[in-house]
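Enquirer: From just these sequences and the hints, can you work out the full model?
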Amino acid sequence: MLGRDVSPVEIADIFAAEQRLRKVFPPSPLLNMEFLNQQLGAQVWLKAENLLPSGAYKYRGAMNKITSLIERYGKELRIVTASSGNHGMACALAARNLGVQANVVVPVSTPQIKKDSIRALGANLVEVGATYDESFVSACELAEKEHLYYVHPTSDRYTVGGQGTISLEILDQCPQVEQIVVPIGGGGLITGIALTMKTLKPSVKIYGVMPAGSAVYVESRRQGQLVTLDHCSSMADAVVRKTGEEYLYPYIEKYVDDIFTVTEDSIRQAVRTACLYGKLTLEGSGALALAALLEKKCPLSPGTVLICSGGNIDKAVLDLCMQA
Numbered sequence: 000m001l002g003r004d005v006s007p008v009e010i011a012d013i014f015a016a017e018q019r020l021r022k023v024f025p026p027s028p029l030l031n032m033e034f035l036n037q038q039l040g041a042q043v044w045l046k047a048e049n050l051l052p053s054g055a056y057k058y059r060g061a062m063n064k065i066t067s068l069i070e071r072y073g074k075e076l077r078i079v080t081a082s083s084g085n086h087g088m089a090c091a092l093a094a095r096n097l098g099v100q101a102n103v104v105v106p107v108s109t110p111q112i113k114k115d116s117i118r119a120l121g122a123n124l125v126e127v128g129a130t131y132d133e134s135f136v137s138a139c140e141l142a143e144k145e146h147l148y149y150v151h152p153t154s155d156r157y158t159v160g161g162q163g164t165i166s167l168e169i170l171d172q173c174p175q176v177e178q179i180v181v182p183i184g185g186g187g188l189i190t191g192i193a194l195t196m197k198t199l200k201p202s203v204k205i206y207g208v209m210p211a212g213s214a215v216y217v218e219s220r221r222q223g224q225l226v227t228l229d230h231c232s233s234m235a236d237a238v239v240r241k242t243g244e245e246y247l248y249p250y251i252e253k254y255v256d257d258i259f260t261v262t263e264d265s266i267r268q269a270v271r272t273a274c275l276y277g278k279l280t281l282e283g284s285g286a287l288a289l290a291a292l293l294e295k296k297c298p299l300s301p302g303t304v305l306i307c308s309g310g311n312i313d314k315a316v317l318d319l320c321m322q323a
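Using numbering that gives the first Met the number 0, you'd call the opening residue of the sequence shown number 0 and step up by one each time.
By construction, these hints were calculated from the structure, which means they are not laboratory data. Mixed in with the good hints there might be a few duds.
Calculated cross-link-like contacts (lysine to aspartate or glutamate; reagent style EDC-like; alpha-carbon spacing at most 16 Å) [what the hints assert, rightly or not]: (1) Lys241 to Asp229; (2) Lys278 to Glu9; (3) Lys253 to Glu9; (4) Lys197 to Asp257; (5) Lys204 to Glu263; (6) Lys197 to Asp256; (7) Lys295 to Asp257; (8) Lys241 to Glu218; (9) Lys296 to Asp313; (10) Lys296 to Glu252; (11) Lys241 to Asp132; (12) Lys197 to Glu9; (13) Lys22 to Glu168; (14) Lys295 to Asp264; (15) Lys200 to Asp171; (16) Lys296 to Asp264; (17) Lys204 to Asp229; (18) Lys200 to Glu168; (19) Lys197 to Glu177; (20) Lys200 to Asp256; (21) Lys197 to Glu252; (22) Lys296 to Asp257; (23) Lys22 to Glu70; (24) Lys144 to Asp115; (25) Lys241 to Glu133; (26) Lys204 to Asp257; (27) Lys197 to Glu168; (28) Lys200 to Asp229; (29) Lys314 to Asp115; (30) Lys204 to Asp256; (31) Lys114 to Asp313.
Ranges between beta-carbon positions, derived for each pair [said to hold, decoys possible]: (32) Asp264 to Gln100: 39 to 47 Å; (33) Gly223 to Gln100: 36 to 44 Å; (34) Asp171 to Gly40: 33 to 41 Å; (35) Asn123 to Tyr72: 16 to 24 Å; (36) Arg118 to Asn36: 37 to 45 Å; (37) Ala211 to Val136: 24 to 32 Å; (38) Ser300 to Pro25: 26 to 34 Å; (39) Ser202 to Val23: 30 to 38 Å; (40) Lys241 to Thr262: 17 to 25 Å.
Virtual Cβ for every residue (Gly too), placed ideally from N, Cα, C.
Expert: The structure is reproduced here in structure tokens:
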């Protein structure tokens, strides 16, 4: 696929990404909210990726990848991607800021706030399919037909490199970190975080969290091989996947200590808790780490960091969560 790089990710890629990204935006905040600590009965740190320019961590990988493409091929290139929303918004924003044309293919079910944002950022929006998997096929066909450079949302050396910069920031902001709890969808976020942290501070535990209704990596770990689910669904639309990523699966198996599942009720409760006590607006996927703590799925320690991966939530969905 034109522009895609699936060579092995190395720690040097993370440091190179940090150099690119620091020219564009500062580290995301690491917050310690006393009201939330009281609710959880322990001190935790919130890595507020929802406060990045596109409203989610995806801006890291998108900016790093598109910048690397421009370094090699110039600004005349055109890009395409498939996304459940957040990566599409990130690509649209990065492309606009870097002066290149972006095409974004999303499922029809993508939240309206994300579709509106992608259009507002100047990208060509194409709505195809019921799931990300179907949108991905269409985006690949479009890339081949129109000779577009594909910016993969998860499985690319430069995308993962961008996400890995989160660990560098955590080590600087919270040197006492003992464990990091990370949402998982396609797996690019946790791969970047885990590879970086396990390389630089191996004692840190890395825990992944998936919705019970879309837990492809949990089932893959159980069966000892990458599997495809018969069906999947969750209010955490950004992480709904039937199939995991072959490129990322070995990294997840090597570096991630455990993966938990959480219920839809817990996700809604986590969105509400984050808003009321953490003073953060999170979408379902962005609240997965907090949901795992609310379900007591992982041990608490003063060095616990929760990755709040995104905050692009429709008002109607937020209203439902606040009524839970």
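Enquirer: Confirm or reject each hint.
Expert: Verification of the supplied hints:
1. Between Lys241 and Asp229 the CA atoms are separated by roughly 7 Å; this keeps the pair inside 16 Å, and the hint holds.
2. A distance of roughly 36 Å separates the Cα atoms of Lys278 and Glu9; the hinted pair therefore is violated under the 16 Å criterion.
3. Of the pairs offered as hints, the one joining Lys253 and Glu9 holds, with about 14 Å between alpha carbons and a cut-off of 16 Å not exceeded.
4. Distance hint between Lys197 and Asp257 is fulfilled; the C-alpha atoms sit about 14 Å from each other, no more than 16 Å.
5. Proximity of Lys204 to Glu263 is assessed by CA-CA distance (about 25 Å); at most 16 Å being required, the pair is judged violated.
6. Between the alpha carbons of Lys197 and Asp256 the distance comes to roughly 10 Å, so the proposed pair stays at or under 16 Å and holds.
7. With a C-alpha separation of about 14 Å, the suggested pairing of Lys295 with Asp257 holds against the 16 Å cut-off.
8. At most 16 Å may separate the alpha-carbon atoms for a hinted pair to count; Lys241 and Glu218 meet this at roughly 11 Å.
9. Among the hinted pairs, Lys296 with Asp313 is inconsistent with the structure: their alpha-carbon atoms are about 27 Å apart, more than 16 Å.
10. A hinted pair counts as satisfied when its Cα atoms are at most 16 Å apart, and Lys296 with Glu252 does not qualify at roughly 19 Å.
11. Taken as a hint, the Lys241 and Asp132 pair is honoured in the structure, with Cα atoms around 7 Å apart against an allowance of 16 Å.
12. Pair hint Lys197 plus Glu9 holds up; C-alpha atoms about 12 Å apart against a cutoff of 16 Å.
13. A threshold of 16 Å between alpha carbons decides the hint, and for Lys22 with Glu168 the separation of about 15 Å falls inside it, so the pair holds.
14. With a C-alpha separation of about 14 Å, the suggested pair Lys295 and Asp264 falls inside the 16 Å cut-off, and the hint holds.
15. Among the hinted pairs, Lys200 with Asp171 is consistent with the structure: their alpha-carbon atoms are about 12 Å apart, no more than 16 Å.
16. For the hint pairing Lys296 with Asp264, the CA-to-CA distance comes to about 15 Å; that is within 16 Å, so the pair holds.
17. Between Lys204 and Asp229 the CA atoms are separated by roughly 31 Å; this puts the pair beyond 16 Å, and the hint is violated.
18. At most 16 Å may separate the alpha-carbon atoms for a hinted pair to count; Lys200 and Glu168 meet this at roughly 13 Å.
19. Taking the CA atoms of Lys197 and Glu177, the gap is about 11 Å. The hint holds against a cut of 16 Å.
20. Between the alpha carbons of Lys200 and Asp256 the distance comes to roughly 14 Å, so the proposed pair stays at or under 16 Å and holds.
21. The suggested pairing of Lys197 with Glu252 holds, with an alpha-carbon distance near 13 Å, which does not exceed 16 Å.
22. With a C-alpha separation of about 10 Å, the suggested pair Lys296 and Asp257 falls inside the 16 Å cut-off, and the hint holds.
23. For the hint linking Lys22 to Glu70, the alpha-carbon distance of about 15 Å falls within 16 Å, and the restraint holds.
24. A C-alpha spacing of about 26 Å is found between Lys144 and Asp115, which places the hinted pair above 16 Å, so the restraint is violated.
25. Taking the CA atoms of Lys241 and Glu133, the gap is near 10 Å; set against the 16 Å cutoff, the hint holds.
26. Among the hinted pairs, Lys204 with Asp257 is consistent with the structure: their alpha-carbon atoms are about 9 Å apart, no more than 16 Å.
27. Annotation: proposed proximity of Lys197 to Glu168 holds, straight-line Cα distance about 14 Å (limit 16 Å).
28. Taking the CA atoms of Lys200 and Asp229, the gap is near 38 Å; set against the 16 Å cutoff, the hint is violated.
29. Between Lys314 and Asp115 the alpha-carbon distance is near 13 Å, which keeps this suggested pair within the 16 Å criterion.
30. Proximity of Lys204 to Asp256 is assessed by CA-CA distance (about 6 Å); at most 16 Å being required, the pair is judged to hold.
31. For the hint pairing Lys114 with Asp313, the CA-to-CA distance comes to about 11 Å; that is within 16 Å, so the pair holds.
32. Against the hinted window of 39 to 47 Å, the Cβ-Cβ separation of Asp264 and Gln100 comes to about 42 Å, which satisfies the hint.
33. Between Gly223 and Gln100 the Cβ separation comes to about 43 Å, which falls inside the hinted range of 36 to 44 Å.
34. For Asp171 and Gly40, the Cβ-Cβ distance of about 27 Å falls outside the hinted range of 33 to 41 Å, so the restraint is violated.
35. One distance hint, 16 to 24 Å for the beta-carbon pair Asn123 and Tyr72, holds here, with the actual separation near 19 Å.
36. Separation of Arg118 from Asn36 is about 40 Å and conforms to the stated range, judged on CB atoms against 37 to 45 Å.
37. Here the CB-CB span from Ala211 to Val136 is close to 26 Å, well matched to the stated 24 to 32 Å.
38. Hint check: Ser300 to Pro25, Cβ distance near 27 Å, so the stated range 26 to 34 Å holds.
39. Roughly 31 Å separates the CB atoms of Ser202 and Val23, a value that falls within the hinted 30 to 38 Å.
40. Between Lys241 and Thr262, the C-beta spacing of about 20 Å keeps the proposed range 17 to 25 Å intact.
The structure is inconsistent with the numbered hints 2, 5, 9, 10, 17, 24, 28 and 34, although it conforms to all the rest.
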